[in-house]
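Undergrad: Using the sequences plus the hints, can you model the full thing?
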Amino acid sequence: MNAALDKAAVFICHCSGNISERIDINFIKKTLKAEGVPVFDYEYLCSREGQTLIKNKISERNLDRIVIGSCTPSKHGALFKKCIQEAGLNRAMLEIANLREHCAWVHPDRAGATEKALSLLRGKLRRLENLEPLEEIKVNIVPQALVIGGGIAGITAAVNLADNGISTCLVEKDSSIGGNMAKIGKVFSPDKLAEECAMCSLSPLMNEVAANPNITLLTWTEVERLSGSAGNFTVRLRKKPRYVRDNCTGCGRCSMVCPVLVENEFNCGHTDKKAISLRFSQSVPKTYCIDPDHCLQLNGEACGKCAEACKSGAIDFSQKEEIIELNVGAVIVATGFEEYDASQKPQYGYGIFKNVITQMELARMLGINGPTKGELLRPSDSSLDSRTVSSTGTCGNESSYEDFSDNDSERPEKIVMIQCVGSRDEKEGGNRYCSRYCCMAALKHSNLIKKKYPGTEITICYVDLRALGFYENYYRAVQDAGVKFVRGRPAEVVEKPDKSLVVRLEDTLTQTIKELPADLVVLSAAMIPSRGTRKIASILNISQDESGFIKERHSKLKPVDSSLDGIFVCGTAQSPKDVTDTISQAGLAAVRGRAFIADSPKALVNEIPTINPLLCTQCQECLRCPFEAFSLSESGKITVDPLVCTGCGYCTELCQNGAIQIASFTKSQLKAEIEGVVKEGDLLGFVNSGVASLTCDNIGNNALSYPSNVKLIKVPTNLVVDKDLLLQAFKCGASAVLFIEDPPDSPRAEIIYPLTVRHFEKLKKEIGDSGSKLYFKKAYVPNTKGLAGTFTSLAREGEMIK
Amino acid sequence: MKAIESIPDSQLLLFKSCMVGQEYPGVETSTRYVFDRLGVDYCINDKQSCCTGIGHYTDVFEGLTTTAIAARNFAVARSCGYPNITCLCSTCYAINKEACEVLNTNTEIREKVNSIFREQGLENLVYEKDDMNPRTNFYHAVEILLSKVNEIQKQKKFDFSGVKAAAHHACHYYKVKYLDVLGNPENPQLIDTIAAACGAEPVRWYEDRTLTCGMGFSQLHLNKDTSLQVTKTKLDSLQKAGVELMIHMCPNCHIQYDRYQPVIEEEFDVKYDMVHMNIAQFVALSMGAHPYKVCGFQTHSVPLEEFLEKKGIV
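These protein sequence lines are chains A and B, in that order.
Per my numbering, the very first residue in the first sequence carries number 1; after that it's consecutive.
Per my numbering, the very first residue in the second sequence carries number 1; after that it's consecutive.
Everything labelled a hint here was simulated from the structure, so no lab data went into it.
Note that this is a predicted model, so its numbers are computed, not measured.
Some clues are possibly wrong.
[Claimed, not checked] In silico DSS-like cross-links for lysine-lysine, where the CA-CA straight-line distance does not exceed 25 Å: (1) A:K785 <-> B:K2; (2) B:K175 <-> A:K499; (3) B:K129 <-> A:K785; (4) B:K224 <-> A:K514; (5) A:K82 <-> A:K7; (6) B:K232 <-> A:K496; (7) A:K499 <-> B:K240; (8) A:K496 <-> B:K240; (9) A:K514 <-> B:K232; (10) A:K777 <-> B:K2; (11) A:K785 <-> B:K224; (12) B:K175 <-> A:K785; (13) B:K129 <-> A:K514.
[As the list claims (entries may be wrong)] Calculated from the model, a selection of chain A residues having no Cβ within reach of chain B, i.e. all distances over 12 Å: (14) G17; (15) E208; (16) R245; (17) K286; (18) E308; (19) L376; (20) S382; (21) K427; (22) Y433; (23) S538; (24) D578; (25) N612; (26) Q618; (27) I751.
For each residue, glycine too, the CB sits at the ideal point set by N, CA and C.
TA: This is the structure we're talking about:
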């Protein structure tokens, strides 16, 4: 054994069979012990007992460096580092071999898996020889939080943060906070059989946001950019002009005189609001806002009627967009959902037949502040004109309600609701997940209609009725109220000449084909991540799941932590859920945000460039760093800003003198790992530690498999892999080398990706004949199958050559 | 789902169809007419045989024979250097794709088929696992047309402006392997997109759009009443929607509508105003092909003369 390793030890976790059932741990113990390396194993190393074992062995045997063979380091890496730190070691003196996602879960063949596990541990042991302690880099955390999105999730998070003494900025893209909850009128409650008024719960909360001295509310504002790092983010916000100053009293005279009617997004597209309006009557802030696309004055026509009518002089057509920069320590993303576009299922006629609507549109119709003032009508009969402008446009008053009762619109007598539109749908254009809220929304709306119009016949076509927990009581009550249920996914909705509809389906309980006549068909459309959610994920560079929801770090242990430290997520931006669950989760996000801010000063990632002053010739090539992390100090020394550096390793390529190395990924460390891991005929993959690494782990999570002669080594990015390392890999017997890179889907990766492609092409040329054995692959998180397929085919090719 | 960018335009074996050949040979000549003008690299190989689909679905050929014949045809495609099997008929498409999957994944059947070949001294037909890829070696001719839709539009000589057309997408394309089709299988737009490029006005949605043609292979003969009732249901919906041209992509549907429309008219005492064409005939016509010498409309049962005259083609 190498002298550097005489105080080293290996710890192997059984992971309750996850690892031990596929890998012969006794064999590994025997083999390594024969080579003089002490090996310990335990059922769960991540448990307190497991950590105590590690700590005890460190002190008993005076260990100075250790290897742990366990699940992926992205799961318990931080935990184990903390563990050895508590035992007095430097956090950098730990190596983790991924025996679960990279081995036990992907190699069904026990002999192959065991052999690979041994080589992964050997690689890490070789790496240990070259480890050096790293100094901690600490930074103070800005004691301020940013909450993005002013729906019920964002409001709850902001109020909770503020109540805990954290100065919080709440940013909302619309002109008022309130989000989707403001639209839905009534909310169902698990323990009552009655529906509660959504606005009655929401409005006081919204007012609390406006009144809380710890909250700065920025509406009509969007997040443009986020830079810096956890604990010290710089956020750039774009505040659009409202053309109405804050001294607006909300009297509504302006809206009364405005001659322009516009489409009202709040009322699902009804043209029932004025170009100057509030989003809804209880808007917070109660400051009117001008629609710049439709206002006559702003589009070059002389109008200015609102300015004339305003007694406070609040109208200001000269307002300009503002750019605001904020410094915050933590961010909570609460950007919510939108409804699935049901026109992707043309067989249901949404967007083709007027009397096919979604649950959200029905919610608006049933809402007393909605386009029909709560009257249930057939959309094909109602022609909304300016008389019926909703109260948000201020023309709404008691008389418009009567207008509705007077007109000759027919009330739908037969209503059919179709569940799982775009949810639980494996076809192209659908979503595989259950949207969780729609069964209850359909039950709630059925119950409301039954109460108000007892004669209405309502049928709900369901796939499975999911009324979880106490909601079962509500489901039973709705059944008792006479709502009918048919199990089956309808095939088609047909429109008759009188605009009435027929829903065709198979009742799968009686196995009969049914045709259900309907005056109104309501589609329970899936909950999908809002455009804002998708956009913010890319701006903040946080991971999303395959459907676009923001992915939590761990579904059980870290359900509100995003993939980046200091950024948290809650509500429907994270996954489909109802108001109740959203509020619980938002509370947790606030607690996590506060805990993060309170934990100041914070240790930064220290796997960043180190500069060897003896080798540095001050050629200043490294200043070409695309993130501008390098600078030349006044004394002529090159320095790195740890807050800006992403650790990508491009500087190691720029530096011709080998003066720059990435800590923990030095050439000698990588070379040692290659020598330990690679055997004759192996496919060696260098994996970017970001999305690519997550994708490799997901192959294991998805129970796919690939040959055990595929070996993966984690690198910050493939920019740290140079010609020498490649030649070393081939010398050790690698049949091929694969670079697995993050796709250019985030601001950081957009910069790094082209560099890695260029780097790859350059290397391919430089290594001559071996160039044909060097491959490159982009790894998208959902494409686990594709990546496993690439591993398999490249490994098979290698076998054939062998 | 298939990506439109991945549709090849070279090494295509234009797979002859028995239904096209004997009922509407104009579909094949139209496809060739269009492919020639679009610069598509294809070949027709006389060694290729029928896919057996019609026989298979009427219980004449069992699965093993069908698979063996498919393996033979795959060998023909590979040996002539045109391994991308491109079908005129959606049944050939589904049969070939399915047979390829079976040959790749079911070792027992593959070995059985290969042992028959070996016994007969037909070593050259032996199929090794993954010789063909069910996802990347099988296409329907309409997919090639869609991938060239911009070029078709450029070469358009005759504009079908104002023609109210309805697409009837084939179930053996969209329903058998619904995870590997172009676009949303619940909302197929293949024919609609091409027809629109030729100037026609595709009816976005009509009642019973997703309904099958009614043929059901043996059903047409064993349960003729049901079969024709289904066809009639769809024809009624099309009539209501004011459709004048129905565009097909499968000769089986084409037969069911074109040959049986007059039968239904007589048996049910109804009258329909629509005519029928395959999408290849439609595109060829739009690119200037002769309606009889290329498109072969003389073989149709519902006469197209009135339609062609009204549109100023003849």
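Undergrad: Take the hints in turn and mark each one as holding or not.
TA: Tested hints:
no. : hint              : verdict
1   : A:K785 <-> B:K2   : 16 Å, holds
2   : B:K175 <-> A:K499 : 30 Å, violated
3   : B:K129 <-> A:K785 : 20 Å, holds
4   : B:K224 <-> A:K514 : 23 Å, holds
5   : A:K82 <-> A:K7    : 19 Å, holds
6   : B:K232 <-> A:K496 : 18 Å, holds
7   : A:K499 <-> B:K240 : 14 Å, holds
8   : A:K496 <-> B:K240 : 11 Å, holds
9   : A:K514 <-> B:K232 : 20 Å, holds
10  : A:K777 <-> B:K2   : 20 Å, holds
11  : A:K785 <-> B:K224 : 46 Å, violated
12  : B:K175 <-> A:K785 : 24 Å, holds
13  : B:K129 <-> A:K514 : 46 Å, violated
14  : G17               : 30 Å, holds
15  : E208              : 45 Å, holds
16  : R245              : 47 Å, holds
17  : K286              : 43 Å, holds
18  : E308              : 46 Å, holds
19  : L376              : 26 Å, holds
20  : S382              : 23 Å, holds
21  : K427              : 6 Å, violated
22  : Y433              : 18 Å, holds
23  : S538              : 22 Å, holds
24  : D578              : 28 Å, holds
25  : N612              : 48 Å, holds
26  : Q618              : 48 Å, holds
27  : I751              : 26 Å, holds
Of the numbered hints listed earlier, those contradicted by the structure are 2, 11, 13 and 21.
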